[in-house]
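> Residue numbers (the numbering used here), protein chains in the order written: chain W, 1 to 111; chain V, 112 to 254.
No wet-lab data here; the hints were simulated from the structure.
The structure presented is a predicted model; accordingly, all values stated were derived computationally and were not measured.
Certain hints may be false.
[To be verified] Capping the alpha-carbon separation at 30 Å, the derived lysine-lysine pairs in DSS-like fashion look like this: (1) W:Lys87 with V:Lys247; (2) W:Lys42 with W:Lys96; (3) V:Lys186 with W:Lys87; (4) W:Lys67 with W:Lys87; (5) W:Lys67 with W:Lys42; (6) W:Lys87 with W:Lys42.
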Amino acid sequence: MNISTLLRQGVLTVRVEGELDMHVADEFRQVVDNAIDSYGVKNLILNLQGVSFIDSSGLGVILGRYKRINPAGGRILATDVQPQVAKIFELSGLLKIMKIYETESHALECL
Amino acid sequence: MEIRNQVKMSIQSLSENVGIARITAAAFAAQLDFTLNEIEEIKVAISEAISNAVIHAYGHPDGIIEFTMNLYDDKVEYIITDIGKGIEDINLARQPSYSTDPERMGLGFVFMESFMDELDILSKQGQGTTVMMAKKFQSNVAH
Ligand SMILES: Nc1ncnc2c1ncn2[C@@H]1O[C@H](COP(=O)(O)OP(=O)(O)O)[C@@H](O)[C@H]1O
Ligand SMILES: [Mg+2]
Numbered sequence: 001m002n003i004s005t006l007l008r009q010g011v012l013t014v015r016v017e018g019e020l021d022m023h024v025a026d027e028f029r030q031v032v033d034n035a036i037d038s039y040g041v042k043n044l045i046l047n048l049q050g051v052s053f054i055d056s057s058g059l060g061v062i063l064g065r066y067k068r069i070n071p072a073g074g075r076i077l078a079t080d081v082q083p084q085v086a087k088i089f090e091l092s093g094l095l096k097i098m099k100i101y102e103t104e105s106h107a108l109e110c111l
Numbered sequence: 112m113e114i115r116n117q118v119k120m121s122i123q124s125l126s127e128n129v130g131i132a133r134i135t136a137a138a139f140a141a142q143l144d145f146t147l148n149e150i151e152e153i154k155v156a157i158s159e160a161i162s163n164a165v166i167h168a169y170g171h172p173d174g175i176i177e178f179t180m181n182l183y184d185d186k187v188e189y190i191i192t193d194i195g196k197g198i199e200d201i202n203l204a205r206q207p208s209y210s211t212d213p214e215r216m217g218l219g220f221v222f223m224e225s226f227m228d229e230l231d232i233l234s235k236q237g238q239g240t241t242v243m244m245a246k247k248f249q250s251n252v253a254h
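Isolated chain V (complex conformation):
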């Protein structure tokens, strides 16, 4: 399907930028008539993905996160790429409560999965991670 609009950002791996990324993602999603509730869900999913890149992929402020937003007729898609540490076992990482950091909740991927309609994770240890997620727009018009 055809991309209607695209925005790309290069984000430095600083915690300040997590809020900037999710606000931008919300503004981008507002091109489709998502409900406020759906926009809130997108904000949480983006916050989780960007936080993961900042915390787990890099853990220092010199990393770059590539953030691409694609708008389609019926969905919005977000692609978050880092060239950081990578994930050893993606299936394990997606399990509720699984975290490599004992101080953390292990709910990032759980939230991404519950709040988005599509979630794909590609990762290679030592090379980085790409998280792709999309939310479908359900038109309220009765057919």
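Okay, chain W solo, but in the shape it has when bound:
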């Protein structure tokens, strides 16, 4: 898995590549939490263009980050989601708390 984080217009963007399962869940959580803490941001854009697979372990990390930032009014916006991953989001009910946008710039416009 590859993860990069960047700060743009006060929004943390996380770009992930790989398969989001239990094997990478800890690293994914640590990298995102560190970035949230060090930038002190409220909102998170999750670019999932490079994510070809996700299961409930991956979903758990995303939901966990939402629970961290939501008390301060923060949101998670997912972008560039591959269809098989979007299907898992839908089935899990995660789309109730996280909206999907076509691209990072679409997501940025909505914040």
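Fit chain V with the ligands to the known structure of chain W by using the hints.
Same frame as chain W, but now just chain V with the ligands:
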């Protein structure tokens, strides 16, 4: 019905092996002409079952998971067996959002059930768990 092909693997309970198991399961399923979408569904179901054995059954890297794949004319079947902790109440464990771990989603069995056509769980506390699941192959040829 007759088994056309069989592959068995013994998997050490390490998170690395979850990906290896689901890729192998996908390659095995590709012997039937499943759609890409169906193969993705199989990958999620296998990922959930193997993850459960690694996390809940053992919780340490020294456990062994037996993974059997059976190919039939019209379906593919996967059997995942651990000799770990076992499940106290299977009906409860299958409920959406039920997890014994507050950090987890409780969606593993939900995904297995939605993505496969058959799901059977046998478990005994202190002895282990066997999860059997199968996906039917719907031929696209019109009859
Ligand atoms: N192989 C197993 N061995 C022991 N317990 C299991 C096993 N598989 C599932 N369980 C139990 O069933 C519960 C529900 O499983 P699941 O639906 O995959 O949700 P999750 O993994 O998110 O907890 C688990 O929390 C665990 O208590
Ligand atoms: Mg699970």
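> Hints broken by the structure, by number, lowest first?
No numbers; nothing is violated.
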